[in-house]
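Residue numbers (my numbering), protein chains in the order written: chain U, 3 to 315; chain L, 16 to 543; chain Z, 190 to 483; chain B, 8 to 558.
Simulated from the structure, these hints should not be mistaken for laboratory data.
Incorrect hints may appear among the rest.
No more than 25 Å apart at the CA atoms, straight line, and that leaves these computed lysine to aspartate or glutamate pairs for DMTMM-like [unchecked claim]: (1) Z:K254 to L:D471; (2) U:K170 to L:D253; (3) B:K145 to U:D303; (4) L:K112 to L:E223; (5) B:K125 to U:D310; (6) U:K95 to L:D253; (7) Z:K254 to L:D253; (8) U:K160 to L:D244; (9) B:K34 to U:D131; (10) U:K125 to B:D77; (11) Z:K254 to L:D244; (12) B:K125 to U:E225; (13) B:K76 to U:E225; (14) B:K379 to B:D414; (15) B:K378 to Z:E369; (16) Z:K254 to L:E430; (17) B:K102 to U:E212; (18) L:K492 to L:D463; (19) L:K221 to L:D244; (20) B:K125 to U:D303; (21) U:K125 to B:E30; (22) B:K379 to Z:E369; (23) L:K370 to Z:E369.
Source: prediction; values computed, not measured.
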Amino acid sequence: MLSYIFKRVLSVVPVLFLVSVFVFLMLRLTPGDPAAILAGDNATPETLQRIRDAMGLNEPLLTQYVKWIAGILRGDFGTSLISGVEVLDLVAKRVGPSISLAVLTIIIAVLVAIPMGVIAAWKHRSWVDYLVMSFSVLGFSVPVFLVGYVLLLVFSVKLGWLPPQGFKPLSAGIAPFLERAILPALTLASIYIALIARMTRAAMLDVLNEDYIRTARAKGVGERRILFVHALKNAAVPIATIVGAGFALLISGVVVTETIFNIPGIGRLTVDAVLARDYPVIQALILLTASVYVAINLLIDLSYSLFDPRIRY
Amino acid sequence: MTHSKTLSMKAGLFASVFALAAGGALAETTVTAVMHSDLRVLDPVITTAHITRDHAYMIYDVLVAEDETGKIQPQMADVTASDDGLTYTFTLRDGLKFHDGAPVTGADVVASLQRWGKRDTGGQMIMDVTASLEAKDDKTVVWALSAPFGPFLETVGKQSALPPFIMPARIAQTPADQAIQEHIGSGPFKFVTEEFQPGVGATYVKNEEYVPRSEPASGYAGGKVVNVDKVRWLTMPDSQTAVNALQSGDIDLIESMPVDLIPLLEGDDTVAVEKRAAFGFQTMGRMNFKHPPFDNPKIRQAALLAMSQEPVLAALTASPEYYQVCGAIFGCGTRLESTTGTETLTAAGNPEAAKKLLEEAGYDGTPVVLMQPTEAPTLKAQPVVAAQQLRAAGFNVDMQPMDWQTLVTRRASMEAPANGGWNMFFTNWQMSEVANPVISVMLNGRGDTAWFGWPDDPKIEELRKEFIAAATPEAQKAAADKIQAHAMETVSYVPLGEYNFPQARRTVLTDMAPTPVPVFWGLKKSEE
Amino acid sequence: MTNIDRSAADKPLALRLLSMVSPAQTGLAPFIAAIMLLAVILLTIFSPQIATHDPLAMDPLMRLKPPSEAHLLGTDGYGRDLFSRMILGGRISLLIGICAAVVALGLGVLIGLVAGYFRLADAIIMRAMDALMAMPSILIAIGLVALNGPSIGSVIMAITIPEVPRVVRLVRSVVLTAREEPYVEAAMALGSSTPKILFQHLLPNTMAPMIVQGTYIIASAILTEALLSFLGAGISTEIPTWGNIMAEGRQYFRINPGIILWPGLLLTICVLSINLIGDAARDALDPRMKKRQA
Amino acid sequence: MELRARDLSHEPVIVQIEDLVVETAGKTRFPVLKGVSLNIRRGETVCLVGESGSGKSVTSLATMGLLPKDALVVRSGTIRLKGENLLALSPSAMKDRRARDLAMIFQEPMTALNPVMKVGAQITEVLDLHSRMGTAEKRARVIDIMEQVHLPDVQRIYDSYPHQLSGGQRQRIMIAMALILEPALLIADEPTTALDVTTQKQILSLIAELQEKHGTAVLFITHDMGVVAEIADRVCVMRHGEILESGPIREVLEQPKHVYTRALLGSVPSLVPREARDDASGASVIAARNLGKTYHTGSFLGKKSQVRASFGVNFDLSPGRTLGIVGESGSGKTTVARSIMRLIEPTEGQILLDGDDIAHLSPSAMKPKRKKLQVVFQDPFRSLNPRWTIARSMTEGPLNYGMSRADALAEAKRLLKIVSLPEDALGRYPHQFSGGQRQRIAIARAVMLKPDVLVADEAVSALDVSVQAQVLDLLAELQRQTGIAIIFITHDLRVAAQICDEVLVMKRGEVVEQGPASRVLHQPQHDYTRALIDAAPGRFWDFAAGKPLVA
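Could you build all of it, start to finish, from the sequences and the hints given here?
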């Protein structure tokens, strides 16, 4: 087990290395000059050149890359070219809202989607099934921002039940946190619910066709126990996998949702940074999200052995 | 929108009585404002971005400043000029202290002015004729010129884009190309560094040590009395979110309110929508003088003939209430106003004449690369409308959408359009930034060192010198008229009219100063 | 002895695809979806004939008008006719979706075949694909649009590249499974060369999952285009797409929700239909391929 | 061992199925059971025997009330268990009867147990559902039944997961679970089909033992006449949803009334080896010298491990003769076949094809040799490319070796005739054929290249017994006509006996016995061979002749 974990963690290194190369190259090939952004409307070419020198943008690419990686290994992600704030500091202040939003979303999605999927599989080809399936296909088919705007229009603007924007950390209390986080989380959850419900249903249908379910029925096990004890645990591996894979989806959702509900998270930070060509910030953020993605999927891989005793490392 | 002032005042009164009863008088008052853009760069010398200037007005003070009539008045210092106009003496008033507790000295002033003089166009021109700039003692700074500089005080006391803000000498010694790392001024608010989050917002607290002048506030002059404890600037990329937040009471002020969304606030008496100041912005198009087809003055003129201001303004600002067709490059209703050469521009344009002129000039269909920023709300409409107008006159327009950051990078490229250069782009100026030929960067005709577009126009340089040297207002006006006529003939740029986005404030905010730059002294916030 | 019923999976592709059109086989949903999709496609194909106005002609003095007889759905922020823009926009959006799917499948199949068949290339290719998958696709897409400028081509590339690793993985897994099939081994025994086995026996196996995956890519590409526009990295407003129409309408949502809702509805119907057809195709083509790749 | 002949007429009838009609659900009703009637007395074993699709499993599922509800429905008839009509019970009442009054075990012990639950818990669950015992009492009861099914090391197995047990152990768990409440009826649906013969024998005797002990009525479903002969009191022969014939085992085996029953019995291959044929030429066309294959697993960090899938295989085979490689699952017989075919590269030894060693030839050097070596696989549904017409599949080989398309097609037509398929089969796709037909096509494809050697890897194991006989006949006929040498891989001793001249018995990668079929099957030298032959169900009976075998 330990040596397996070690091997898996080690296997992450080349992936993250490639991510860092991709990001670095993509950014440096992008037109756009942080110096020009910093200097504003009145800059002369000469000033731009001097600012670029000061930022180290005139060095060879390889040197810049090596410096960057060396910095990361020392825990130094550099400073924002635009605001001069340290990247780590910038990111640290923004991580909280995004994480709490993501966690809330996953909780909502799992709580809603898994029962939905289970019931749909149980009542296969009934109206419940069709309803759940329609909802989940719809969840895939509506642009996230449309969901966000409609929720906003209904619950904040028309009904006035919830504030339309902003974020309060959990430390400010559960009620204030939920008040502002619930709409964005629902928006984000719409597609996630669709994804998980769909996978749960498919996995459950597979499992329900298995011989051991027939065995359980032959023992006289009741439907509820069959669904939630016998079937669900067997369906857990693909469901856990989709929760991990869906994390990628969550990230793009977060970017949009944070924009709509004006949440100071890393999604917006990244878009802003890309549009401003704030290289150190973008590099750090993409490396960070990629690491989180890889880590989550690693954890999920390792969690398989909790669900399925056949999987041992 | 307020329709009945008395009603809202009464409501405010009730609210404050209630707040008193509840013991709320001790509570901190915080004003939360959504500004026109996100504050990212904190150094007011390194960038001309308006939001950075607004930030600087919060935490820094200036030597002299315009009052509401545009006259220069003392702020940090009294100033006297020698009779020959060659020596200016600044005397700092008492009680000036930086946020770190150090007193403001002449040395700080000199260092700040010198850093400013390296970056600001007007400052550079003064520095060109500066004989010496020295602190005589802790309170006195003497600025000696080698030649008279007519608009000296106007330049030192200007409100935009780079006013000379005074910072401690140790900070002002940072090279002008490097951003400063500490944000300490002597102004009425202090910057809370820990709460600064680019992309999210910034926080300022009242500077309790600040000693305002005794005169009442007027424009940027007079006593900067702060009546609130804290000001928070929030960034909201989506203006609709800001409107929602204003209505829900999350924020108190939207500095730049999209006119389209004003109907949403109608019938809400807790919110007032109003123009902040008489003068707003000039929107304009600039052509690249270096590359075909706009290296040909006739083709530039044809483009001028093809264009018409009103559709551009309508697409940008929505309602005639908030825009004004105006051909004067120094602004309408100003001392230097002249509309020579803009008759078609302020009417419906003259595509027919433009076509004829194009033919005469032998336009061969070279594509005109028009840069369009896709995500900047006040900049994305102009090129779209202009492209349609130019096409109607027979131009072959290649509109290239890009984000604003790509645009500002690309406009610095002197390459041919095919190699990453450009032919035309659009931007906006606060009226005070184009108010005279010294300040307006578009009128710089010094070729490669001129502003983007790089016109090599010795004639306009001569005319600008004439303006600087002009001794009387009448002579200045005469020079300005000539510049207007010349600028339109060579099409230095295409003024596309003036607009003025209103602000939207919750009526709990009162006594806001009617300055073009949004300043936060003077205003009061009543409890709800 | 009990035989597993494999007949559905064994029929040739065309026959299996045909079965999905019959409502008796699959229920009504794909049938309705096909009709809806057809309607949307016809609407966009004949948009020049159906449009009431030139979708590009602007009249800033007529901006943001509510629906009227002259303007069925009202006008947008430049005074352009929303209805005409919406139906032309569908054309571009669909085009982007189809191109993205074709390019992603083409690249993915090529890389996937190589990875699935040649051990040495496999390790390197799959690490690179892992890295691509680990990067949030929307951020890569924004970055790529920023890289190449917001033209149709670069938007298609930006949507395509994050899709490629998924296709590669799918093709690779199909190839790895199919390699073990007895008929492939029989072909080896019959003296067929590697390229012949690769292209004549293995490649056709990828067709069914690729058709299914292709429909999903079309659907997600249309959505991604909308997201890119929404985040300010979309195609120029001179070329209307559902995405940029909605992105421009976003700030007027409360003034005239129709600016977003109508194109949004049309987009949703279109994507929904494509997804439903994808599901039906999947069921018809391969009953075992139940799990949708995320 | 001989046929059962117990008189059970005094025992009460436990289950009585009358006129059971089952149809497919939905608008187009298709009859699946057309009025099935049977009854079983206490302590009696009734075998339902039939080929695939005969409706025998549907009968058992209908009895358990486990028909897939959206696919199959009972239209009419009654199923009485101890007088009570099960079909009239509510779902919850039926649920209550299961395990308590009637229980079932299934074909696949590998999949019939919940993989994520410990087996002890799975047995205990039955008690949880149907009794009110205390924890300790339940555990004691479970341990007891586990001992009754002769599981070793019961305490350990109690806490094991199914994947940690062998197939036979799992099937014992299934039986324990089914019998823990001593139900009146046990339905066993092909419970030994997936097991090796030696395990099968143990399970069959276990069921008989427990039946004896508890007086259980057993409904045993199988396709294997050998198994029937071992355990049945009475037999019901089913085809197309009908019981064609039923009666005491001896009656049915000795004097089958129905023509189908006679055909069915006639197709059961005999365990008596074929008559020895002369080795005409003596020269071997293919030979193996010390052939072996070892798999290396593990990566640069993990422990390295080796699996010797096969080793020390030697044989010589001359034209026109058949070599059988016999073994249970995991014996390495398929590895040998794949090595000979050079689908994998052996790690040791030589393969001599016409005297040339082909063990390590490169793919291009191998190509001219491949012509001479062809293969037929087990699964007829996967051995033809489903997307290709029969013509394209059959001509693939000849075209690879430069034959013109027209000649190849003509040859394909000729061979189709030989394998008794119509000429128009050429234009059709595999899915339009039955399993037996596909296997014949696969054989025709293999002989298109006129190979010297044909490797048949379990080529008839997936086929029903009547089809099996046809395919075996076809192979024999082809061999007679072309003099092809056949290497026949099988787990089924009967099949081996029928067609092999020589037999090679493998166990865990090793050849334990080798020699002429008549000697190996008649006078096995090795214990393992003897155990295999001993375990072959119904080995005392000659089905085709309808009488006991005289040894």
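Hint by hint, here is what the structure shows:
1. For the suggested pair K254 of chain Z and D471 of chain L, the alpha carbons sit about 45 Å apart, so the restraint of at most 25 Å is broken.
2. With a C-alpha separation of about 19 Å, the suggested pair K170 of chain U and D253 of chain L falls inside the 25 Å cut-off, and the hint holds.
3. Proximity of K145 of chain B to D303 of chain U is assessed by CA-CA distance (about 36 Å); at most 25 Å being required, the pair is judged violated.
4. This hinted pair checks out: K112 of chain L and E223 of chain L have alpha carbons roughly 11 Å apart, not beyond 25 Å.
5. Between the alpha carbons of K125 of chain B and D310 of chain U the distance comes to roughly 11 Å, so the proposed pair stays at or under 25 Å and holds.
6. A hinted pair counts as satisfied when its Cα atoms are at most 25 Å apart, and K95 of chain U with D253 of chain L qualifies at roughly 21 Å.
7. Restraint check for K254 of chain Z and D253 of chain L: satisfied, since their Cα atoms lie roughly 22 Å apart, inside the 25 Å limit.
8. With a C-alpha separation of about 33 Å, the suggested pairing of K160 of chain U with D244 of chain L is violated against the 25 Å cut-off.
9. For the hint linking K34 of chain B to D131 of chain U, the alpha-carbon distance of about 21 Å falls within 25 Å, and the restraint holds.
10. Between the alpha carbons of K125 of chain U and D77 of chain B the distance comes to roughly 10 Å, so the proposed pair stays at or under 25 Å and holds.
11. Between the alpha carbons of K254 of chain Z and D244 of chain L the distance comes to roughly 44 Å, so the proposed pair goes past 25 Å and is violated.
12. Restraint check for K125 of chain B and E225 of chain U: satisfied, since their Cα atoms lie roughly 20 Å apart, inside the 25 Å limit.
13. Under the criterion of a C-alpha separation no larger than 25 Å, the hint pairing K76 of chain B with E225 of chain U is consistent with the structure, at around 14 Å.
14. Simply put, K379 of chain B and D414 of chain B have alpha-carbon atoms about 19 Å apart, close enough for the 25 Å limit, and the pair holds.
15. Taking the CA atoms of K378 of chain B and E369 of chain Z, the gap is about 21 Å. The hint holds against a cut of 25 Å.
16. About 42 Å separates the Cα atoms of K254 of chain Z and E430 of chain L, which puts this hinted pair outside 25 Å; it is violated.
17. Among the hinted pairs, K102 of chain B with E212 of chain U is consistent with the structure: their alpha-carbon atoms are about 19 Å apart, no more than 25 Å.
18. At roughly 28 Å between alpha-carbon atoms, K492 of chain L and D463 of chain L are farther apart than 25 Å, so this suggested pair is violated.
19. Restraint check for K221 of chain L and D244 of chain L: the C-alpha separation of about 5 Å stays at or below 25 Å, so the hint holds.
20. As the CA atoms of K125 of chain B and D303 of chain U are separated by approximately 22 Å, the hinted pair is consistent with the 25 Å bound.
21. A hinted pair counts as satisfied when its Cα atoms are at most 25 Å apart, and K125 of chain U with E30 of chain B qualifies at roughly 21 Å.
22. Between the alpha carbons of K379 of chain B and E369 of chain Z the distance comes to roughly 22 Å, so the proposed pair stays at or under 25 Å and holds.
23. For the given pair, K370 of chain L sits about 72 Å from E369 of chain Z by alpha-carbon distance, which is inconsistent with the 25 Å threshold.
Hint compliance for this structure: hints 1, 3, 8, 11, 16, 18, 23 are not met, and every other hint is.
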